[in-house]
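J.: Residue numbers (our numbering), protein chains in the order written: chain V, 1 to 540; chain Z, 1001 to 1540.
Hints in this document: simulated from the structure, not taken from any laboratory.
It is possible that some hints are incorrect.
[Unchecked claim] Between beta-carbon pairs, the in silico distance windows are: (1) G1314(Z) / R171(V): 16 to 26 angstroms; (2) A195(V) / A1426(Z): 37 to 47 angstroms; (3) G1314(Z) / V13(V): 33 to 43 angstroms; (4) A1426(Z) / G387(V): 56 to 66 angstroms; (5) A362(V) / A1370(Z): 24 to 34 angstroms; (6) E1382(Z) / G387(V): 51 to 61 angstroms; (7) R171(V) / A1472(Z): 33 to 43 angstroms; (8) R1171(Z) / G372(V): 25 to 35 angstroms.
[Stated by the list, open to error] For the chain V half of the interface with chain Z, some residues (derived, Cβ under 8 angstroms), not all of them: (9) P254; (10) G259; (11) R282; (12) P450; (13) H492; (14) H493; (15) G511; (16) L515; (17) R520.
The beta-carbon is built from N, C-alpha and C at its ideal position, and this holds for glycine as well.
Residues per chain are reported as follows:
Number of protein chains: 2
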Amino acid sequence: MSSESGRVAVTSVMRWNGWGDPARASDLPRAVRMLLPLLLGRVQKPAPAVELAEVSLEPSSLRDDDRQALADVVGAERVDTSSEARIRHAGGRSTPDLLRRRERQQASPDAVVLPGSHDEVAALLRVCADRRIAVIPFGGGTSVVGALEPERGTHRAVVSLDLRRLSGLLRLDEVSGEATLAAGTTGPDAEALLAARGFELGHYPQSFRYATIGGFAAARSSGQSSAGYGRFDSMVTGLRVATPTGDIDLGRSPGSAAGPDLIRVFLGSEGIFGVITEVRVRVHRVPHDRLFEAWSFADFTQGVEGLRRVTQRGGGPTVLRLSDEAETAVSLAQLGRIGKALAKGASVITVYEGDDIAARRARTSAIFEAVGGVSSGERAAEDWLDGRFDGPYLRDSLLDAGVFCETLETATTWSNLLHLRAEVTAALRAGFEEVGARSYVMCHVSHVYPTGASLYFTVIANIRSDPLDTWAAVKGRANDAILAAGGTISHHHAVGRDHAAWLEQEIGETGVRILAAIKRELDPTCILNPGAVIPSDRSR
Amino acid sequence: MSSESGRVAVTSVMRWNGWGDPARASDLPRAVRMLLPLLLGRVQKPAPAVELAEVSLEPSSLRDDDRQALADVVGAERVDTSSEARIRHAGGRSTPDLLRRRERQQASPDAVVLPGSHDEVAALLRVCADRRIAVIPFGGGTSVVGALEPERGTHRAVVSLDLRRLSGLLRLDEVSGEATLAAGTTGPDAEALLAARGFELGHYPQSFRYATIGGFAAARSSGQSSAGYGRFDSMVTGLRVATPTGDIDLGRSPGSAAGPDLIRVFLGSEGIFGVITEVRVRVHRVPHDRLFEAWSFADFTQGVEGLRRVTQRGGGPTVLRLSDEAETAVSLAQLGRIGKALAKGASVITVYEGDDIAARRARTSAIFEAVGGVSSGERAAEDWLDGRFDGPYLRDSLLDAGVFCETLETATTWSNLLHLRAEVTAALRAGFEEVGARSYVMCHVSHVYPTGASLYFTVIANIRSDPLDTWAAVKGRANDAILAAGGTISHHHAVGRDHAAWLEQEIGETGVRILAAIKRELDPTCILNPGAVIPSDRSR
Chain V
1 MSSESGRVAV
11 TSVMRWNGWG
21 DPARASDLPR
31 AVRMLLPLLL
41 GRVQKPAPAV
51 ELAEVSLEPS
61 SLRDDDRQAL
71 ADVVGAERVD
81 TSSEARIRHA
91 GGRSTPDLLR
101 RRERQQASPD
111 AVVLPGSHDE
121 VAALLRVCAD
131 RRIAVIPFGG
141 GTSVVGALEP
151 ERGTHRAVVS
161 LDLRRLSGLL
171 RLDEVSGEAT
181 LAAGTTGPDA
191 EALLAARGFE
201 LGHYPQSFRY
211 ATIGGFAAAR
221 SSGQSSAGYG
231 RFDSMVTGLR
241 VATPTGDIDL
251 GRSPGSAAGP
261 DLIRVFLGSE
271 GIFGVITEVR
281 VRVHRVPHDR
291 LFEAWSFADF
301 TQGVEGLRRV
311 TQRGGGPTVL
321 RLSDEAETAV
331 SLAQLGRIGK
341 ALAKGASVIT
351 VYEGDDIAAR
361 RARTSAIFEA
371 VGGVSSGERA
381 AEDWLDGRFD
391 GPYLRDSLLD
401 AGVFCETLET
411 ATTWSNLLHL
421 RAEVTAALRA
431 GFEEVGARSY
441 VMCHVSHVYP
451 TGASLYFTVI
461 ANIRSDPLDT
471 WAAVKGRAND
481 AILAAGGTIS
491 HHHAVGRDHA
501 AWLEQEIGET
511 GVRILAAIKR
521 ELDPTCILNP
531 GAVIPSDRSR
Chain Z
1001 MSSESGRVAV
1011 TSVMRWNGWG
1021 DPARASDLPR
1031 AVRMLLPLLL
1041 GRVQKPAPAV
1051 ELAEVSLEPS
1061 SLRDDDRQAL
1071 ADVVGAERVD
1081 TSSEARIRHA
1091 GGRSTPDLLR
1101 RRERQQASPD
1111 AVVLPGSHDE
1121 VAALLRVCAD
1131 RRIAVIPFGG
1141 GTSVVGALEP
1151 ERGTHRAVVS
1161 LDLRRLSGLL
1171 RLDEVSGEAT
1181 LAAGTTGPDA
1191 EALLAARGFE
1201 LGHYPQSFRY
1211 ATIGGFAAAR
1221 SSGQSSAGYG
1231 RFDSMVTGLR
1241 VATPTGDIDL
1251 GRSPGSAAGP
1261 DLIRVFLGSE
1271 GIFGVITEVR
1281 VRVHRVPHDR
1291 LFEAWSFADF
1301 TQGVEGLRRV
1311 TQRGGGPTVL
1321 RLSDEAETAV
1331 SLAQLGRIGK
1341 ALAKGASVIT
1351 VYEGDDIAAR
1361 RARTSAIFEA
1371 VGGVSSGERA
1381 AEDWLDGRFD
1391 GPYLRDSLLD
1401 AGVFCETLET
1411 ATTWSNLLHL
1421 RAEVTAALRA
1431 GFEEVGARSY
1441 VMCHVSHVYP
1451 TGASLYFTVI
1461 ANIRSDPLDT
1471 WAAVKGRAND
1481 AILAAGGTIS
1491 HHHAVGRDHA
1501 AWLEQEIGET
1511 GVRILAAIKR
1521 ELDPTCILNP
1531 GAVIPSDRSR
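Here chain V stands alone, though its shape is the one from the complex (with noise of 0.2 angstroms):
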């Protein structure tokens, strides 16, 4: 099923110790250095952050039977134990991974394993079942929720799954607007092989350039343009998933009531079930129009409401995102307007793609009007999609001046929004204070529903203690804050690791067993994943 001929190679291979392409990383704009001191203070600079030949690992704790027994099913040449492969697989993009990527000594796992199709995939699982090896699947290596630390569990190693080899487009249907698409294509990748033939899958979260289609599904993604074309969740409609003890084929038709919808159980399941192989999305022919337009509101609550007037309506903006006060503020002086920079007020991108975008801009355009909204024209939309990807380059020009930088994100009802952000935003800033940090919490919200919206949370702070002790207590803070406030764990981001610890308040006792009885029955020996998603107490 390794359909390497069809493959487009768009995706660059990432910084291994920070986002992205390497030629893409910048020193922090002038407008936010000068900003800075302002919101935080003097910010002390760290310590350099060391070279990849410097990083020191433990040896490799596979033996030369298990690396035979993996090299049978995919050549030698694809079990790499190279301490440069393993260190680049060492985790995710967090804030915390990558501060851990500034440190000498690092975990990582024992060897990558780079399959090239679905029956690889199966044959690996067993093997790693047989031999008590733990798996971790590993898409574009883009999760921020500790997704892809090198755990182990209780066995004696643990492999990094790399499912780079399966990419591509296998199937179109054409009529039914169908794509089946190997699970470890990249968005930029999927998008040009279904460019070629017409069609555009829309789904563009910020970890797009480097973050693969089994990966959105693992996690259930939700992209910038979720208003329009959908979270990743409402475009799949199909699976093929690899277990230790049986593939499953899901998505007969585009609606079933055919028992539960199984597909439900490895959406969001992040490797800890199986390896998804393949999944199938509903695509769109490319919309050929687009129309951009900036708003801005007398404030947060007054933007909150054209959001929500507007999505309830139905038929407006592809791409719909609220900026509060603070947020705005910034974003502003990043472009360089800084004598604008601490304006008052809540700005709003809409950008509209496809059929009847001048009546939906209209109807937008009126909702808004009326809640209080002044339109200031494309160019703020249009500069916003250009750098839509480019945030986590940021963050790594203000790790490296100091600032410690990270996101954080949650959803709620409409009715609940206000005081959900409230109660994480004090908590964040309470955090801080504690230990004497300067902080500025910054707020959007980026994907809609007609019963509520998430917000997405970006903190920047001057730690002087440990950062990442530091972060660990505030963020645990903000997780309490998010669940006695009425929210959930993740929006998007997914649960991974670093909130497995709150997932049983969201679902409670009954909702882990259920995920537990699930993981018993497809992956006996737990091997897959081992502390995602289900604290490791509770998965046995």
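For chain V, the structure is supplied; the task is to place chain Z on it using the hints.
T.: Below, chain Z alone, put in the same frame as chain V:
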């Protein structure tokens, strides 16, 4: 939680051995009586149906101490072992169910128990698990797939758990557009309670007048306005469920990546994992405007092309259904236009509700005309709306006249739709031919998705052999054809017992193992709806 104060009683008690309100039952329309001999030859009248008082049941196998233990939870008057109550809960409303209601000796549950709250449901499940009494959750009694058969599995008794007292609108969040309804609330009660506050759910399956909100969830129902408001699955934002081993409350936010969506484990679970006691649903403001338009296409193929283009374009009708040539002919006959009855062509009904209806109709009309459709005005669409819940009454009249009548349904992608229809039609015809029964097979599309659509078959036949045996064989052939031709075993009727033997072909052995693992965890003594969804030999 039983908010009977807020209850609006608009649902009548259903006829015990047929559909609906006895006062609405009617003789066959004259046009149908004239048409039947042409389609099926001369039909023999069956023996008259038995009266309720003539039905003989096995004595209740509940012991006195069982009865007392149940009465301790709900009160003695709510443990009903009368013959009438037991007969009224002896099954659903499939044609085989109705044929069995014509026999003197009938199987039935040993008692009907009527809990009044979530906590009473939970307590009853514990009592029944302790005493090894099987439990059949019972909503409106409208299952057409054998989900309500009084199967006791390996247990010594079986009770019907009638949820009618769990009725009412428990909460309405007007800002978010979310309503929480008690699971036993019927469709009309739910809409009346919501309408009093200016809201609508918009879920109108043919069973609407009797079926319950919990049943819609448990069976993954889909209603006639699904083109506009989606299938019931997509309306559900939260669930409360009692299981024999613990409660679960699901749905903290409109979108989430907090592990797999466990709501989807219970949607379609048909009472085998637990009893749904509350359902939170997305609601919308009652639409004020409505437009009707019927269309005529040269044939079913052309009509399908029209539906596909309209659906993939988006922003079309609220109701969209296409009858094939055979169904179009008979529908016209029912309306008394016998002269035109055998005219060629396939008819489409469209209804537009809510916002932008003129623009949506214009858009749809342009597509239909481009494909070759011709508008036939408002009348036929209005007539359809008036009679849309009355199909089951016609079936009763046909059965009384000796004409077998039953429905079945499936779904697939647009590219496979004509193939699937041809294969199922051929299987039905061949099945009846084999026993020398003349038959007439009709089909419509009533649920559309960007990637595909449903197929709903209505078959009438002149069966001279045993109708139950004959239909079991014919239906088996149709099920085989559905799965061989890529369809789902059910689009919205669910699995029940009638489809359980085919489920493994659809979801695979691994899929059945997942369901069985969840069942073992939540219902270890296997008291809940034994034999439904998962064949009995697979659920332990």
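J.: Tell me, which hint numbers fail for this structure?
T.: none
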